[in-house]
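**Student:** Here are the chains, one letter per residue:
2 protein chains.
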Amino acid sequence: MIKLSKIGRYEFLAEPFHCDFTNHLFMGHLGNHMLNAADFHSNDRGYGMHYLNTVNKTWVLSRLAIEMEEMPKAYDKFFIETWVDSALKSFTSRNFKVISESGQIYGYGKSVWAMIDLDTRQPVDILSVRDGLIKEYIETEVLCPIEKSSRVKMSAVPTPLCSIETYYTDVDINGHINSVKYIEHVLDLWDLSWYKEHCIKRFEIAYVAESHQGDKLHFYREQRDRDTDFNVRITKSDCDGKESEVCRCRVQFV
Amino acid sequence: MIKLSKIGRYEFLAEPFHCDFTNHLFMGHLGNHMLNAADFHSNDRGYGMHYLNTVNKTWVLSRLAIEMEEMPKAYDKFFIETWVDSALKSFTSRNFKVISESGQIYGYGKSVWAMIDLDTRQPVDILSVRDGLIKEYIETEVLCPIEKSSRVKMSAVPTPLCSIETYYTDVDINGHINSVKYIEHVLDLWDLSWYKEHCIKRFEIAYVAESHQGDKLHFYREQRDRDTDFNVRITKSDCDGKESEVCRCRVQFV
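Here the protein sequences come in this chain order: A and B.
Heads up: the first sequence begins at 1 in full-length UniProt numbering, then just goes up one per residue.
Heads up: the second sequence begins at 1 in full-length UniProt numbering, then just goes up one per residue.
With the rest of the complex left out, here is chain A:
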């Protein structure tokens, strides 16, 4: 078997129905394509979901940061390159580079992943999988020149900006609210008139806990030092009304 390169490169299309009113790809769909690229890359190299499911384990996305100079436009073909730049016992770090057909760099992404046991939902040692196979594919020389996600510190905002119900189409294969849906719900905190004047420069999300269909989600928003820079906290309340944190985000506009 020929050993694959450390960096995987996957082609995507900015589908017209995945573009917003400005004719640019929605950030949520870009995030989805990054997760697809991560999935293809790890499956192709033997440490992806296909193998993990046979040993009752799964990858869990812990953090994702996306920083864009420009977004692909409707019908643009683009490529996502992805590689893992570190793998420790508890976490791996995976980078993304988004490139146009002509080689122009649209932007980058950085993500952090853990691995859990499907029964106990507890973290497992990533390096124990296939004798640390993932370490054969660590790429440290290629740069991903955006900042890592930083911990979003948020004050105790007293009332949510909005609260939403969760439905069938929010739920993924694992029965949890889909990671990408949170991104979309956060972007929906600003309305069309805001997006007429601003576009997203950087989006960060840290996943704290899972939520399920039927949970109600609450969105708390707080402005940082600039009026185009925001923190968002998502909490869930279950049928007993108990509220707990699900995600924390930072959204920077220009």
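Since the hints were made in silico from the structure, they are not lab data.
There could be a bad hint or two in this list.
Same chains, same label: a pair holds when it works inside one copy or across any pair of copies.
Unchecked claim - When the alpha-carbon atoms are kept at most 20 Å apart in a straight line, the in silico SDA-like pairs for lysine to any residue are as follows:
1) LYS196 - TYR168
2) LYS57 - LEU127
3) LYS77 - GLY48
4) LYS57 - THR22
5) LYS110 - ILE99
6) LYS148 - PHE253
7) LYS77 - ASP172
8) LYS77 - GLY107
9) LYS196 - ILE173
10) LYS77 - HIS50
11) LYS3 - ILE134
12) LYS216 - LEU189
13) LYS216 - CYS162
14) LYS216 - GLU184
15) LYS216 - GLU165
16) LYS216 - LEU161
17) LYS77 - GLU15
18) LYS77 - ASN43
19) LYS77 - PHE40
20) LYS77 - ASN36
21) LYS216 - SER163
22) LYS73 - ASP44
23) LYS148 - PHE230
Only a predicted model underlies this, so the values are computations on that prediction, with no experimental measurement involved.
Using the hints, position chain B against chain A.
**Tutor:** Chain B alone, transformed into the frame defined by chain A:
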């Protein structure tokens, strides 16, 4: 220039994050892929959005019916074949066939499209575009063995089952609520426990009017003669509270 065949065939992947908790592609994403196939097919043949936008016209989806024996599972490659089987002055009828890699037929779709002028929003004569170019690609011999959409007659259900706000990510390139989002919102009228026992056999939607971000959508549901067969009406209310119909659907489960 080589003339393309009447039937176009496009490959898609049932992306893992586009699958529901049963591991099957969401009906909304299948609908989206059908619209993509229609878009690629008509662009490739010179009467698609790419050309129409240069003459200030656009296609408008009027009706869509999807009937499935089975849904692609996560990571399945599948093909959508699409062709136009009639083109009149005001409407064209376009069929879809969804096929697995091994040639198994998952199901079919039927759609009806009108063409409008982008300024007046009024219908235009489809056959006037490029001297009736579309007529060179009419395929009438290949069967699409599902019923056409029928007019959904619905009683005056007094109260909506639910009402939702519309947000930035609901809006497409044209500034209207995305056709596929209505499908997702309708599917969300049933919760996870219903989908544990039932799957969708047939979905029909007729688009009556456009809605915009900020409109509130109201969903009225009525059971037909069987307890797995439903009509759904979607209305919008604008900021003045005036209510008007947007879509009408029929959803048949098995």
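**Student:** None of the hints should be skipped; say for each whether it holds.
**Tutor:** How the hints compare with the structure:
In this homomeric assembly, LYS196 and TYR168 come within 20 Å of each other (Cα to Cα) only across copies, at 11 Å, whereas the closest approach inside a single copy is 31 Å. For the homomeric pair LYS57 and LEU127, the shortest alpha-carbon distance inside one copy (13 Å) is at most 20 Å, but the shortest distance between copies (57 Å) is not. In this assembly of identical chains, the alpha carbons of LYS77 and GLY48 lie at most 20 Å apart only when taken from different copies (18 Å versus 25 Å within one copy). Proximity of LYS57 to THR22 under the C-alpha cut-off of 20 Å is restricted to the inter-copy arrangement: shortest distance 18 Å between copies versus 40 Å within a copy.
Within a single copy, LYS110 and ILE99 get their C-alpha atoms as close as 15 Å, which meets the 20 Å cut-off; across copies the closest is 36 Å, which misses it. Taking the shortest Cα distances, LYS148 and PHE253 sit within 20 Å of each other inside one copy (17 Å), while across copies they are farther apart (46 Å). In this assembly of identical chains, LYS77 and ASP172 lie within 20 Å of each other by CA distance solely across copies; the values are 19 Å between and 26 Å within a copy. Proximity of LYS77 and GLY107 under a CA criterion of 20 Å is satisfied intra-copy only: 15 Å inside one chain copy versus 29 Å between copies.
For a Cα distance limit of 20 Å, the shortest separation of LYS196 from ILE173 across copies, 13 Å, qualifies, whereas the shortest one inside one copy, 35 Å, does not. Taking the shortest Cα distances, LYS77 and HIS50 sit within 20 Å of each other only across copies (16 Å), while inside one copy they are farther apart (27 Å). Taking CA atoms no more than 20 Å apart as the test, LYS3 paired with ILE134 passes inside one copy only; the shortest distance there is 13 Å, against 49 Å between copies. Taking the shortest alpha-carbon separations for LYS216 and LEU189, both the intra-copy value of 16 Å and the inter-copy value of 16 Å come in at or below 20 Å.
Taking the shortest alpha-carbon separations for LYS216 and CYS162, both the intra-copy value of 11 Å and the inter-copy value of 15 Å come in at or below 20 Å. Taking the closest pair of Cα atoms, LYS216 and GLU184 come within 20 Å of each other both inside a single copy (16 Å) and across two copies (18 Å). Taking identical chains as interchangeable, the C-alpha atoms of LYS216 and GLU165 lie at most 20 Å apart whether they share a chain (5 Å) or sit on different chains (15 Å). Taking CA atoms no more than 20 Å apart as the test, LYS216 paired with LEU161 passes in both settings, with 13 Å inside one copy and 18 Å between copies.
Taking the closest pair of Cα atoms, LYS77 and GLU15 come within 20 Å of each other both inside a single copy (9 Å) and across two copies (18 Å). Within a single copy, LYS77 and ASN43 get their C-alpha atoms only as close as 23 Å, which misses the 20 Å cut-off; across copies the closest is 16 Å, which meets it. For the identical chains of this complex, LYS77 and PHE40 are neighbours both inside a copy (18 Å) and across copies (14 Å), given an alpha-carbon limit of 20 Å. When the C-alpha separation of LYS77 and ASN36 is checked against a cutoff of 20 Å, the pair qualifies both within a copy, at 15 Å, and between copies, at 14 Å.
For a Cα distance limit of 20 Å, the shortest separation of LYS216 from SER163 qualifies both inside one copy, at 7 Å, and across copies, at 15 Å. Taking the shortest Cα distances, LYS73 and ASP44 sit within 20 Å of each other only across copies (19 Å), while inside one copy they are farther apart (29 Å). For the identical chains of this complex, LYS148 and PHE230 are intra-copy neighbours only, at 17 Å inside a copy versus 49 Å across copies, given an alpha-carbon limit of 20 Å.
Of the numbered hints stated above, none is contradicted by the structure.
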